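Peer 1: Sequence:
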Amino acid sequence: MIKFSFYHFFMFESIQWIYSCRDIMTKENTSEEKVVFFMIRFGMKQEDVNYRYARMVFGVCFKDQHFLLVRNDKGEYFLPGGEMEVNEQEAQCLLREFEIETGYKAFLSKCIGRAEHHYDQDGENIQQEASFYEVSLKRRNKIAAGYDLTWMTKEMARERLLLEHHKWAIEQVNHF
-6 MIKFSFYHFF
4 MFESIQWIYS
14 CRDIMTKENT
24 SEEKVVFFMI
34 RFGMKQEDVN
44 YRYARMVFGV
54 CFKDQHFLLV
64 RNDKGEYFLP
74 GGEMEVNEQE
84 AQCLLREFEI
94 ETGYKAFLSK
104 CIGRAEHHYD
114 QDGENIQQEA
124 SFYEVSLKRR
134 NKIAAGYDLT
144 WMTKEMARER
154 LLLEHHKWAI
164 EQVNHF
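In the numbering used here, the protein residues as written are -6 to 169.
Do not rely on the hints blindly, as some may be mistaken.
Calculated lysine-lysine pairs in the BS3-like style (CA-CA distance at most 30 Å, straight line) [as the list claims (entries may be wrong)]: (1) 56 <-> 160; (2) 147 <-> 160; (3) 147 <-> 131; (4) 147 <-> 56; (5) 98 <-> 131; (6) 135 <-> 160; (7) 67 <-> 98; (8) 103 <-> 147; (9) 38 <-> 98; (10) 98 <-> 56; (11) 103 <-> 135; (12) 131 <-> 56; (13) 135 <-> 67; (14) 147 <-> 67; (15) 38 <-> 160; (16) 160 <-> 103; (17) 98 <-> 135; (18) 56 <-> 38; (19) 67 <-> 160; (20) 147 <-> 38; (21) 67 <-> 131; (22) 147 <-> 135; (23) 147 <-> 98; (24) 38 <-> 67.
Please keep in mind that the hints were generated in silico from the structure rather than gathered at the bench.
Model, not experiment: these values are computed from the prediction.
Please model the complete structure; the sequences and the hints are all you need to start from.
Peer 2: Pasting the structure below:
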């Protein structure tokens, strides 16, 4: 059962209760459980604005009271993950992006939820629909150029993460 405080219902622009997490099916991840979640919306969608749609998936790694974050070359902090390719499954995308950005092989444990965020990034209007998964780390390989890893407490991560739906995702870790 998912518990929400009164605070959660006023923190978001709108809540949509129609989402079911996709099956997680890879050689290393064999869970077939489907869990019903909600989709939370962040940012105001403007009627006469064209948005670039981006289907994303991100991993939330919590270890020793710290979250694993990625810092790009602009100094902005994000959760590891990225945009899904055509016909790519969420698990495939997250495992691929997680290894590129962090160097770690990861294991997906459970779906945290889904969020939609409308925002402006460097003059481009983005409509990002993202799924968030709890992940655990396996082994580490070489990290891709342009990324820097850091472990932060929840409070520090809340201050430094650029995107609101990433802040929401780290808040959900204690709720499950």
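Peer 1: Against the 30 Å threshold, does the CA-CA distance of residue 147 and residue 38 hold or violate the hint?
Peer 2: Cα-Cα ~28 Å, so holds.
Peer 1: What's the verdict on residue 38 and residue 67, does the C-alpha distance respect the 30 Å limit or exceed it?
Peer 2: holds (26 Å)
Peer 1: Keeping to a limit of 30 Å between CA atoms, is the pair of residue 67 and residue 131 held or broken?
Peer 2: holds (28 Å)
Peer 1: Is the hinted pair residue 98 and residue 56 satisfied, with a Cα-Cα distance of at most 30 Å?
Peer 2: holds (15 Å)
Peer 1: Mind checking the alpha carbons of residue 135 and residue 160 for me, to see if they're no more than 30 Å apart?
Peer 2: Since the Cα atoms of residue 135 and residue 160 sit roughly 27 Å apart, the hinted pair holds (cutoff 30 Å).
Peer 1: Taking only the CA atoms, is the gap from residue 147 to residue 98 under or equal to 30 Å?
Peer 2: Cα-Cα ~23 Å, so holds.
Peer 1: Would you check the hint for residue 103 and residue 135, treating anything up to 30 Å between C-alpha atoms as holding?
Peer 2: holds (26 Å)
Peer 1: Residue 38 and residue 98: Cα distance at most 30 Å?
Peer 2: Cα-Cα ~36 Å, so violated.
Peer 1: Quick one, are residue 98 and residue 135 close enough, alpha carbons at most 30 Å?
Peer 2: At roughly 11 Å apart (the allowed maximum being 30 Å), residue 135 and residue 98 satisfy the hint.
Peer 1: For the pair we were handed, residue 67 and residue 98, check the Cα-Cα distance against 30 Å.
Peer 2: Between residue 67 and residue 98 the Cα gap is close to 25 Å, so the pair holds against 30 Å.
Peer 1: Need the status of pair residue 38, residue 160: alpha-carbon distance at most 30 Å?
Peer 2: holds (19 Å)
Peer 1: Given the hint that residue 147 pairs with residue 56, does the C-alpha gap stay at or below 30 Å?
Peer 2: holds (11 Å)
Hint violations for this structure: numbers 9 and 18, all remaining hints satisfied.
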